[in-house]
Amino acid sequence: MTLPQVDLRIILPEITVGIAVAVVMVWAAFLPQDRQRLLRWVSGIALLLALLEVFVVSGGAAFGGMYVRDSLTKSLQIIVMLTAILAVWMSGAYMERTRLETGEYYALLLSAALGALLMAASADLLLLFLGLETLSIPLYVLAAIARGDLRSQEAGMKYFLLGAFSTVFFLYGLALIFGAAGSTSLARVASAAGTGSPLLLAGIGLVTIGLAFKAAVVPFHAWAPDVYEGAPLPVAAYMSVIAKVGAFAAMIRVFVLALPGAVVPWGTALAVLSMMTMTLGNVAALLQSNLKRLLAYSSIAHAGFMLTGIIAANRAGTSAVVFYLLVYTLMTLGAFGVLLGLARRGEEADDISDLTGLAWRSPALAGAMTLFMASLAGLPPTAGFFAKLYVFSAVLDAGYVAVVIVAVLTSVVSAYYYLRVAYTMFIGQPSPEVEFVGGRWVSTAIIVTAAGVLLLGIIPAPVTTFLEQVADALK
Amino acid sequence: MLTVLIFLPVLGAVIVALIDRSRDPLLRWIGLGASLSSFVASLLTFALFVPGESRMQFVERAAWVPSLGISYQLGIDGISLPLVMLTTVMMPLALLSSWSSVTERVKEFTISLLLLEAGLLGTFLSVDLVLFYVFWEAVLIPMYFVIGLWGGPRRTYAAIKFILYTMAGSALMLVAIIALYLQGGAQLGIRTFDLLRLREVAVPMPLEAWLFGAFALAFAIKVPVWPLHTWLPDAHVEAPTAGSVILAAVLLKMGTYGFLRFLLPLFPQATVQFAPVLSVLAIVGIIYGGIVSWAQRDVKRLVAMSSVSHLGFVTLGAFALTVEGLQGSLLQMVNHGISTGGLFLLVGILYDRTHSRLLDDYGGVAALMPRFAAVALIIVLSSMALPGTNGFIGELLILVGTFRRVPAYAAAAIGGVVLSAIYLLWMYQRVMQGPVRVKAPAAMVEVTRRELVTLVPLIILIFTIGLYPNFLLSRSEASVRALLRHVSVRTAVQSPMPPQKFAARIPPGPRHPTHQSRR
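Residue numbers (this note's numbering), protein chains in the order written: chain A, 10 to 484; chain B, 177 to 695.
Hints are computed from structural coordinates only; laboratory data are not their basis. Accuracy of the hints is not assured; some may be wrong.
[What the hints assert, rightly or not] Selected chain A positions facing chain B (in silico; Cβ < 7 Å):
1. Phe-39
2. Leu-40
3. Leu-388
4. Pro-389
5. Pro-390
6. Ser-402
7. Val-413
8. Val-421
9. Tyr-432
10. Ala-470
11. Thr-474
12. Phe-475
13. Glu-477
[To be verified] Non-contacting residues of chain B with respect to chain A, defined by C-beta distances greater than 10 Å in every case (computed):
14. Ser-230
15. Ala-355
16. Ala-385
17. Leu-534
18. Val-582
19. Tyr-604
A virtual CB, placed ideally from N, CA and C, is assigned to each residue, including glycine.
The whole structure should be built from the sequences, with the hints applied where relevant.
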C-alpha cells in the first residue's frame with residue numbers, strides 16, 4: 010500500500026497546533042510549578058501563529074479528499090483560533106490563583122482546538138469522527154481538571170459517560186451511512202442521498218443524535234447545566250464555545266453540503282428539535298440563579314437558534330450560521346470573561362447576586378456585561394441582533410414560518426433573564442465579599458470581545474459580505 | 177443633517193460617560209447642552225423644510241449591510257417632522273425637570289436620557305425597515321433603566337413589564353419585516369429593506385393580512401390601544417417624572433407614528449379592511465380610558481389612563497383615512513405630547529413637594545401656589561381640548577375626519593370629549609381648589625424659576641398651535657395627501673371591493689381643513 014501524495018503545507022495550522030500540544034505537554038514535566046505560566050505564552054503564541062497560517066495557507070484538498078481547505082474551512086478555523094486564544098488569555102489568572110495551572114491544561118485546550126480545526130476541514134465522515142473525538146476527549150478531562158473539587162470530578166465523569174454514549178451513536182450512524190453509500194466521503198454520500206434508502210436515513214438520524222449531543226440540542230442537552238456548573242469557570246467558558254463551533258461546523262458539512270437532497274425530509278425533524286431547544290433552553294434559564302447554569306441554558310437556547318440556520322439549508326443559512334457562531338463566540342466568552350474577573354472570597358463568583366451593585370464599583374465591567382447580555386438577548390445595536398436577523402431571514406426564506414415565530418418569541422423570553430442579570434448590576438449595595446481578580450489578560454479578552462460585539466452590531470457588512478462569498482463558493 | 181440630529185445626543189452621552197461622576201452640575205449641563213443642540217439642529221431642519229413637498233427631504237443614504245439589502249437611510253417628511261420637533265422640544269424639558277428630583281446616579285441618568293433621545297429620533301427618521309427596527313428596539317434599554325433604576329417602589333416589576341410587553345409585539349413585527357423583505361425580493365427582483373421600494377410591493381391578500389396584524393400588534397402595544405394598555409399605568413406611575421414625560425410625550429407616539437409611516441403605505445388593502453376593527457378598539461379605548469381615569473385616586477395614574485383615552489383619538493383619526501382625520505391625528509400626537517407631558521411635569525412638581533400622588537392628600541393648592549395653579553389650569557384646559565388651545569384643533573379635525581367616514585364613530589367618540597372634561601376638571605378641583613388640606617402647607621412653595629422654564633415653552637406651544645396650527649399642518653399636508661393617494665390607488669387597483677365605499681376619500685382642491693373650523 011502506498012500513501013497518497015500529501016502536500017503537508019495545506020495542514021500547516023493543524024501541524025502547528027499539534028506540535029504545540031506536544032511541546033507544552035513535554036516541557037511541562039521539566040518546569041517547576043511556579044514557572045508553568047511560561048506555557049501560557051507558548052500556547053498563546055502557537056495559536057496566534059496558527060491563526061496567521063490560516064490566513065496565509067492556500068486552499069485545496071489533501072489525504073485523498075478527506076481533508077478540504079476551502080473558504081468555509083478558513084472562516085470556521087478563524088473562529089476556532091479566536092476561541093482558543095481568548096480562552097488562553099482568560100484562563101491564566103484563574104488557573105494560577107487556583108493552583109491548577111499545569112502543562113496539561115494548555116495541552117488539552119490546544120488538542121481540543123485541534124479537533125475543532127479538523128472538524129471544520131473534514132470532507133469525509135471518518136475525518137469528522139476523528140476530529141470529534143480529538144475535540145471531545147480533552148474536554149472530558151478538562152471538565153474534571155480541578156482534581157480536589159468533587160463537583161468538577163462529577164462533571165467530568167458525567168460528561169464522559171454521556172459523551173461516550175453519544176459517540177457510539179455517531180459511529181453507528183457512520184457505519185450505516187457507509188453501508189448505504191459505499192463510502193464515507195461526504196461527496197459520495199451526497200450522490201447517494203437522492204436514493205432515499207432507509208439505511209441512509211437511519212444513519213443520518215444516528216449521526217444527528219451524535220452531533221446534537223455535542224451541540225447540546227434538546228433532548229440531548231441534559232449534561233450541559235451540570236457539567237458547566239461543576240467544571241472550573243475557564244473550562245466552562247471554553248467548552249461552551251468550542252464544542253458548539255465543532256458541532257455546527259460538522260452540521261454544515263453534513264446537512265447542508267453533503268445531504269442537500271436529504272435535508273428536506275430531515276429538515277422537519279431538525280425543525281422540531283430546534284423549536285424544542287429554543288423553548289426549553291430559554292424557559293429553563295428563567296429559573297436559574299447560578300450564572301454558570303444560566304449561561305449553560307443560554308448556550309442550549311443559542312444552539313437552537315443556530316440550528317434554525319442549518320434547517321434553512323440554503324446559501325444564506327450557511328453564512329448565517331457561521332456569522333452566528335462568530336458572534337456567539339464573542340458574546341459568550343465575553344460574559345464568562347466578566348465572571349472570571351470576579352471572585353467571591355477566592356471562589357468563583359457565579360451567583361447572580363454576586364453582581365449586585367457592580368456598576369458602582371466598576372462601571373466598565375458592568376457596561377461590558379450589559380453589552381454582552383443585550384447581545385445575547387438579540388437587542389440592537391449589538392452583534393446578537395444581526396446574528397438573529399440573519400438566521401431568521403434565511404429560515405423564513407426556506408419557508409419555516411413556525412420555527413421563526415417560536416424563535417422570536419423565545420428571544421423575548423430570553424430578554425427577561427439576560428436583562429435581569431444586567432439590572433442586578435445596577436441596583437443595591439455591592440457585596441464586600443466580591444473582589445476583582447481579573448488582571449491584565451482577562452481585561453484584554455473582555456475588551457476584544459466587547460469591541461467585537463459592538464463593531465459587528467454597528468458595521469457587520471465586511472464580515473457578512475465575506476461570509477456570503479464563502480457560501481457562494483461552496484455551491 | 178439628520179445624522180447630526182441623531183448623533184448629537186450620542187456625542188453628549190459619550191462626553192458625559194467620560195466625565196467623573198462627582199462633577200454633578202457639569203454632567204447635567206452637558207446633557208442639557210447636547211439635547212439643546214439637537215433642538216437647534218431640528219429647528220434648522222424645520223426652517224429649511226419645504227412645506228409643499230410630499231416626498232422625503234434631507235435624504236441620506238449609504239449601504240449598511242449590502243449583502244442583506246440593508247441601508248442606512250434617513251429622511252424626513254411632513255409626517256415625521258412634527259414628531260421630531262416634539263422629541264427635541266420635550267427632551268431638554270425632561271432633563272430640566274429632573275434637576276432636583278434625580279439626585280443619585282446623575283451620570284447614568286443623563287446618559288440614559290440622551291441615548292433615549294437618539295433612539296427616538298432615529299425611529300422617526302429611518303426610511304429603512306431594519307434601521308427603523310434597530311432604533312425602535314434601542315429605545316427599550318435606556319427606558320428600561322430609567323424606569324428600573326430611578327422609578328418608584330414597584331419599579332422592577334413595571335420596568336420588566338414594559339420591556340416584555342413591547343418586545344413581544346415587536347418580535348413578531350421583525351418576522352413580518354423579514355417576510356415583507358422576502359416578498360419584495362420576489363416581486364422587485366432585488367432584496368431590500370428600503371421602505372420606499374417596499375411600498376410598491378403588492379403583497380397577496382392572506383399574507384398581507386398577517387403582516388398587517390404583526391405590525392399592527394407591535395404598534396398597538398406601544399400606543400397603547402385598548403386592550404393592550406395594561407403595561408402603561410404601571411410604567412407611568414413608577415417612572416420618574418422625566419421618564420413619564422418622555423414616555424407619554426414621545427415614546428407612545430412611536431406606535432401611532434408607525435400606523436401612519438408603515439401600516440398605511442405598506443399594507444393599504446389590509447388597512448382598509450381592518451380599519452373598522454381598529455377604529456372600534458380606539459373608541460372603546462377613548463371611553464374606557466375616560467371612565468377609568470375618573471375612578472382614579474392617584475393623580476399620576478389618572479394622567480396615565482387619560483393617555484389611553486387621548487391616544488384613542490389619535491388612532492381613530494389615523495384609521496379614518498381622510499385628510500382631516502390624518503392631519504388631526506398627527507397634530508393630536510404633538511398636542512398630547514405637549515399637554516400630557518405638561519401634566520406629568522405638574523404632577524412631578526407637586527410630588528417633589530409632598531411626596532404623595534393621592535388626590536386625597538391635596539386640596540387648596542391654588543391658595544398656596546397661585547402661579548402654579550394658573551399654569552396648571554392652562555395645561556389642563558389644553559388637555560381637555562378647550563377652543564383656543566391646541567387640543568381643540570386636533571380633536572376637531574379627528575372628529576370631522578371620522579364623521580366624513582363613519583358618522584357613528586364620531587358620535588361615539590364625542591363621549592370621550594365629555595368624559596375628559598369631567599375627570600380633568602374633577603382632578604383640578606380636588607387638587608387646587610377648596611380648603612387647604614395639604615398635610616404640610618409650608619412645603620408648598622411657589623414654583624421655582626427652573627420649574628417655570630420647563631412649563632413656559634409648553635404654554636407658548638399650546639397657544640401657538642391653538643391659534644395658528646397652520647405652521648404644522650401646512651408642512652404635513654402634502655405628505656398626508658400623498659399617503660392617502662397611495663392608499664386609494666393601491667386599493668383601487670388591486671381590490672375587487674367597491675371603491676366608493678372603501679377607498680380613501682380625498683377632498684378636491686387645495687382648501688385647508690382648518691380654515692373651515694377655525695374661522
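Is the nearest CB of chain A more than 10 Å from the CB of Ser-230 of chain B?
holds, 30 Å
Answer holds if the nearest beta-carbon of chain B is closer than 7 Å to that of Phe-39 of chain A; otherwise answer violated.
violated, 49 Å
Is the nearest Cβ of chain A still more than 10 Å from the Cβ of Ala-385 of chain B?
It holds; Ala-385 of chain B is separated from chain A by about 14 Å at its closest Cβ, greater than 10 Å.
Chain B contact restraint on Thr-474 of chain A - CB to CB distance below 7 Å
holds, 5 Å
Hinted contact Tyr-432 of chain A with chain B - closest CB pair below 7 Å
holds, 6 Å
Using 7 Å as the Cβ threshold, decide whether Phe-475 of chain A counts as touching chain B.
violated, 9 Å
Tell me if Val-421 of chain A is really an interface residue toward chain B, meaning its C-beta lies closer than 7 Å to one of theirs.
At 5 Å from the nearest chain B Cβ, Val-421 of chain A passes the 7 Å test, so the hint holds.
Are all C-beta atoms of chain A more than 10 Å from that of Val-582 of chain B?
At about 34 Å from chain A, Val-582 of chain B clears the 10 Å cut-off, so the statement holds.
Close enough to count: is the Cβ of Leu-388 of chain A nearer than 7 Å to one in chain B?
holds, 6 Å
Taking the closest Cβ pair, is Ser-402 of chain A under 7 Å from chain B?
Status holds, d = 5 Å.
Hey, does the Leu-40 of chain A contact hint survive, CB to chain B under 7 Å?
Check failed: Cβ of Leu-40 of chain A comes no nearer than 44 Å to chain B, outside 7 Å.
In terms of Cβ atoms, is chain A entirely out of 10 Å range of Tyr-604 of chain B?
For Tyr-604 of chain B, whose nearest Cβ neighbour in chain A is about 37 Å away, the distance exceeds 10 Å, so it holds.
Violated hints for the displayed structure, listed by number in ascending order: 1, 2, 12 and 15.
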